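Novice: Here's the letter readout for the chains.
2 protein chains.
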Amino acid sequence: MRKKEKEAVEKLSKITTIALKRGFFWPTAEIYGGKAGLLSYGHLGKAMKNKFENLWKEYFIKSNENYYEIGSSVILPEKVFIASGHLEHFNDPLVECKTCHFRFRADQFLESRLKIKVEELTPEEMSDLIRKNKLKCPKCGSWHLGQVKWFNMMFPIQLGAVGIKDMAYLTPETAQASYLAFKREFEATRKKLPLGIAIIGKAFRNELSPRQLITRMKEFHQAELQIFFDPAEINRLDKEEWKQISKYKLIMLPQKEKKVKEITCEDTNKKLKLPKFYVKNLALAQKFYIEQLKIPKSKFRLRELSEKERAFYNKIHWDVELELETLGEFREVGGVHYRTDHDLGGHEKYSKENLKIFYNNKKFIPHVLEISLGIDRDIWALMDIFFKEEKERTVFSFPITVSPIDIAIFPLVSREAMPEKAKEVYNILKKDLLCFYDETGAIGRRYRRQDEIGTPYCITIDSQTLKDDTVTIRERDSMKQKRVKIGTLLVELKNIM
Amino acid sequence: MRKKEKEAVEKLSKITTIALKRGFFWPTAEIYGGKAGLLSYGHLGKAMKNKFENLWKEYFIKSNENYYEIGSSVILPEKVFIASGHLEHFNDPLVECKTCHFRFRADQFLESRLKIKVEELTPEEMSDLIRKNKLKCPKCGSWHLGQVKWFNMMFPIQLGAVGIKDMAYLTPETAQASYLAFKREFEATRKKLPLGIAIIGKAFRNELSPRQLITRMKEFHQAELQIFFDPAEINRLDKEEWKQISKYKLIMLPQKEKKVKEITCEDTNKKLKLPKFYVKNLALAQKFYIEQLKIPKSKFRLRELSEKERAFYNKIHWDVELELETLGEFREVGGVHYRTDHDLGGHEKYSKENLKIFYNNKKFIPHVLEISLGIDRDIWALMDIFFKEEKERTVFSFPITVSPIDIAIFPLVSREAMPEKAKEVYNILKKDLLCFYDETGAIGRRYRRQDEIGTPYCITIDSQTLKDDTVTIRERDSMKQKRVKIGTLLVELKNIM
Numbered sequence: 001m002r003k004k005e006k007e008a009v010e011k012l013s014k015i016t017t018i019a020l021k022r023g024f025f026w027p028t029a030e031i032y033g034g035k036a037g038l039l040s041y042g043h044l045g046k047a048m049k050n051k052f053e054n055l056w057k058e059y060f061i062k063s064n065e066n067y068y069e070i071g072s073s074v075i076l077p078e079k080v081f082i083a084s085g086h087l088e089h090f091n092d093p094l095v096e097c098k099t100c101h102f103r104f105r106a107d108q109f110l111e112s113r114l115k116i117k118v119e120e121l122t123p124e125e126m127s128d129l130i131r132k133n134k135l136k137c138p139k140c141g142s143w144h145l146g147q148v149k150w151f152n153m154m155f156p157i158q159l160g161a162v163g164i165k166d167m168a169y170l171t172p173e174t175a176q177a178s179y180l181a182f183k184r185e186f187e188a189t190r191k192k193l194p195l196g197i198a199i200i201g202k203a204f205r206n207e208l209s210p211r212q213l214i215t216r217m218k219e220f221h222q223a224e225l226q227i228f229f230d231p232a233e234i235n236r237l238d239k240e241e242w243k244q245i246s247k248y249k250l251i252m253l254p255q256k257e258k259k260v261k262e263i264t265c266e267d268t269n270k271k272l273k274l275p276k277f278y279v280k281n282l283a284l285a286q287k288f289y290i291e292q293l294k295i296p297k298s299k300f301r302l303r304e305l306s307e308k309e310r311a312f313y314n315k316i317h318w319d320v321e322l323e324l325e326t327l328g329e330f331r332e333v334g335g336v337h338y339r340t341d342h343d344l345g346g347h348e349k350y351s352k353e354n355l356k357i358f359y360n361n362k363k364f365i366p367h368v369l370e371i372s373l374g375i376d377r378d379i380w381a382l383m384d385i386f387f388k389e390e391k392e393r394t395v396f397s398f399p400i401t402v403s404p405i406d407i408a409i410f411p412l413v414s415r416e417a418m419p420e421k422a423k424e425v426y427n428i429l430k431k432d433l434l435c436f437y438d439e440t441g442a443i444g445r446r447y448r449r450q451d452e453i454g455t456p457y458c459i460t461i462d463s464q465t466l467k468d469d470t471v472t473i474r475e476r477d478s479m480k481q482k483r484v485k486i487g488t489l490l491v492e493l494k495n496i497m
Numbered sequence: 001m002r003k004k005e006k007e008a009v010e011k012l013s014k015i016t017t018i019a020l021k022r023g024f025f026w027p028t029a030e031i032y033g034g035k036a037g038l039l040s041y042g043h044l045g046k047a048m049k050n051k052f053e054n055l056w057k058e059y060f061i062k063s064n065e066n067y068y069e070i071g072s073s074v075i076l077p078e079k080v081f082i083a084s085g086h087l088e089h090f091n092d093p094l095v096e097c098k099t100c101h102f103r104f105r106a107d108q109f110l111e112s113r114l115k116i117k118v119e120e121l122t123p124e125e126m127s128d129l130i131r132k133n134k135l136k137c138p139k140c141g142s143w144h145l146g147q148v149k150w151f152n153m154m155f156p157i158q159l160g161a162v163g164i165k166d167m168a169y170l171t172p173e174t175a176q177a178s179y180l181a182f183k184r185e186f187e188a189t190r191k192k193l194p195l196g197i198a199i200i201g202k203a204f205r206n207e208l209s210p211r212q213l214i215t216r217m218k219e220f221h222q223a224e225l226q227i228f229f230d231p232a233e234i235n236r237l238d239k240e241e242w243k244q245i246s247k248y249k250l251i252m253l254p255q256k257e258k259k260v261k262e263i264t265c266e267d268t269n270k271k272l273k274l275p276k277f278y279v280k281n282l283a284l285a286q287k288f289y290i291e292q293l294k295i296p297k298s299k300f301r302l303r304e305l306s307e308k309e310r311a312f313y314n315k316i317h318w319d320v321e322l323e324l325e326t327l328g329e330f331r332e333v334g335g336v337h338y339r340t341d342h343d344l345g346g347h348e349k350y351s352k353e354n355l356k357i358f359y360n361n362k363k364f365i366p367h368v369l370e371i372s373l374g375i376d377r378d379i380w381a382l383m384d385i386f387f388k389e390e391k392e393r394t395v396f397s398f399p400i401t402v403s404p405i406d407i408a409i410f411p412l413v414s415r416e417a418m419p420e421k422a423k424e425v426y427n428i429l430k431k432d433l434l435c436f437y438d439e440t441g442a443i444g445r446r447y448r449r450q451d452e453i454g455t456p457y458c459i460t461i462d463s464q465t466l467k468d469d470t471v472t473i474r475e476r477d478s479m480k481q482k483r484v485k486i487g488t489l490l491v492e493l494k495n496i497m
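Sequences listed follow chains D and E, in order.
The working numbering puts the first residue of the first sequence at 1, with every later residue one more than the last.
The working numbering puts the first residue of the second sequence at 1, with every later residue one more than the last.
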């Protein structure tokens, strides 16, 4: 165990070093010492994030003709969060030392001191535990700790001049804006269900202990798809559609089980009693990770949350979890949530706006199934899972769907007309591919630099190019080279990619 | 004049009605009555914004191999804004009624009451004007108005628990994050100048009177490119590069002139004394509007700001302005700013981090030229400029580079295997183009619906299609139709697009 922990720390440190040096990410305002929980993306990290988001859109939004992307302000008025319940329920337990006034998370404090899980305890129960175990302030050592109290995790925003009562908050999840837009979108898109409303954007949570790098941040990015549907159809699915997935195996960890099991969609529906529409979307999420992101099956699982773990409005809740060596365990990177009519119902109640629709010959509030992904967590997971150390190099063996660069182009040496020829090739390819041109340094070192950031292919222009218009394509993982005509280069690349 | 104003209001109302109904944009949290200064994009507005941003990236970032996009948190620590000067200088003049405690913008109040420009006055001078003219509170009519005071326009954010002194702000411009990243990026991208660092993202300003729809918002989107360069090279440009633009005519309104003039880049450099590197980027910005966005020249101008109008750190400042009928005048949508070493110098001073680089055989702080665009304003400008009313229809004659949808696909009637055939065509095209499928309603009405949102082409599958595999392409502006084979459809479309 000790050894595993040490390896995790080492791997984390190696990846972070590359991230900082090469331009994946770094602490925001690093020159001022940075801020816990705030991160920024360098040019490689941003390119990777762009690819991830485009892949997500192509995959999830285009999976149905009636799914759309919208945009929203991240500042939302207070009433929204009264209706959603965030103002009342979105809290962390906080305790203050009455001697030195240091404030800290009571749950994390108890978990690390007593080695127990406290996720399901009330503030009173946590206060009792602190008293009974005579725990001291982690900063000054005083026994005089106050009562554990709820601390709301949203960032308040004062709209307008101070003194005017016009409160708002930075949204803690992109989802709310989709609910606010539902009525307009349903009408603008000609009143069909299921209707999907997706938002890719920022969300904000005032995490008091934003440890663990990119996995728990104060400002982060989500890709969330809210699917509005008729609850009477939750277990109905087009026969052909169901046939296509019924034998597909989901990698599941139900609450009752201790080990992951592969269960067909059919059995998930029949034996685990999950409705067909929900199963279909679980499969959609799993395929995104396994087929699009190429995550090894052994590092993927869908985990069912217990009733106490999940938010009170989620009737069904399975998390997408990936095994991350740097964090020493499986970690949530997304989830599929059946939120019922909780959100639209709440907004109807507080806004006094009629959010019922007339569809399938009846009047009702649609139910919501949400597919939610944490983009930053996913980026970190990809860096963890695809990081490889070999004898003479370190490699990110990213699939080309998420690598920051598609193709690097090098003249073997920076003379004899090779740079000119290489620029020609660069200009041919840059319209269709994310290209990078480099002529500095020994060719071997240039390959290593690309391996280190996960570029799948390098193209080299050498003296033979000048004679017969051929170049070499070097493949990152096998390091094998192949010689092809410049004229057929783009076609060749598209074939192997 | 009266008539022009009335027409502006009418046009604004017509465009807004379409925007709301069809899904371009609406007030955030509309079901709660909305909030001044906060807007959200519906599926059509978001599609348009995505296209605009991609076009911006392709055009500006790909204009140089050493330009890159990065990402940043929008929450930045307080020190950043001490260094940048925003904490001290980024203020609006505010006045409070001592009777009813209503607070409002003193400058806008004076401008509307006295019909004068007060942009350059101090708070004391504005207080004097209010007193001398015996102006009354616009709300309660009291004469008892307080002194005009500066009000900082940034939104403060309390990081961590209340009581802990850890202040931050929502960034009022994306630019600052590029300066914070400069050192890391310069090293990660192998130490070359000019280096371009671009950010597309949100910015936040606590505007007290966020009137005028999408042009003055509390939360908005910017596309900003910061170009770091050696100040010794500001008037040097590669001969070939200069030759390519020296005869190109800029549409300029210098401070000394009353009318717009077309001036070649060469004369702009020689007679207006603008340095070549600055002129090159002015031309780059103008070409984006004229060639990429297809803005008519008569509605475009580059306006020089007076010394008092421009921020104190901008040594040269020309705004990009477009004439908008809905606002009755030319309006700023972007700008080209020579910010010198003000920003990096400030950050070096306050962070104590050495931000000098060694380049061109000397040690120095690079200077910055900024190209800054307001995305929401540009979207509104496009809707204003391309809106047309004809006898039987309203049209957005957007260029395809920014239209929310590329192609609509219709079966003439929803029977006789036409829908199946239309879906086939839809599936062929949807990989390369933004397609929309619709089979409901009369064909004429379906064309009108697409005209109203600016879709450039509609494809119709009719009974002849079932015989000979041909379809009609209908062009939006001319309403002319052309019949082509399905097999060559994609090629045909790419040719006319």
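Any given hint could turn out to be false.
For chains that are exact copies, the list does not tell them apart, and a pair is met inside one copy or across any two.
Restricting the straight-line Cα-Cα distance to at most 27 Å, the calculated cross-link-like pairs of lysine-lysine (DSS-like) are [to be verified]:
1. 79 with 21
2. 21 with 349
3. 21 with 388
4. 356 with 191
5. 421 with 349
6. 482 with 299
7. 62 with 98
8. 431 with 494
9. 430 with 239
10. 149 with 136
11. 14 with 57
It is worth saying that the hints were derived from the structure and are not from the lab.
Bear in mind that the values here come from a model prediction, so they are computed numbers and not experimental data.
Novice: Would you mind marking each hint as holding or not holding in the structure?
Specialist: Do the hints match the structure? See the list:
1. 79 with 21: between (44 Å within a copy, 24 Å between copies)
2. 21 with 349: Close across copies (24 Å), not inside one copy (52 Å); limit 27 Å.
3. 21 with 388: For residue 21 and residue 388, only the intra-copy Cα distance (17 Å) is at most 27 Å; the inter-copy one is 52 Å.
4. 356 with 191: For residue 356 and residue 191, the Cα distance is within 27 Å only inside one copy (12 Å; across copies 59 Å).
5. 421 with 349: neither (67 Å within a copy, 45 Å between copies)
6. 482 with 299: The answer is neither: 33 Å in one copy and 54 Å across copies each exceed 27 Å.
7. 62 with 98: Answer is neither; intra-copy 55 Å and inter-copy 57 Å both fail.
8. 431 with 494: both (13 Å within a copy, 15 Å between copies)
9. 430 with 239: For residue 430 and residue 239, the Cα distance is within 27 Å only across copies (25 Å; inside one copy 44 Å).
10. 149 with 136: Answer is within: at 17 Å inside a copy they meet the 27 Å cutoff, but 48 Å across does not.
11. 14 with 57: neither (31 Å within a copy, 32 Å between copies)
Hint compliance for this structure: hints 5, 6, 7, 11 are broken, all remaining hints hold.
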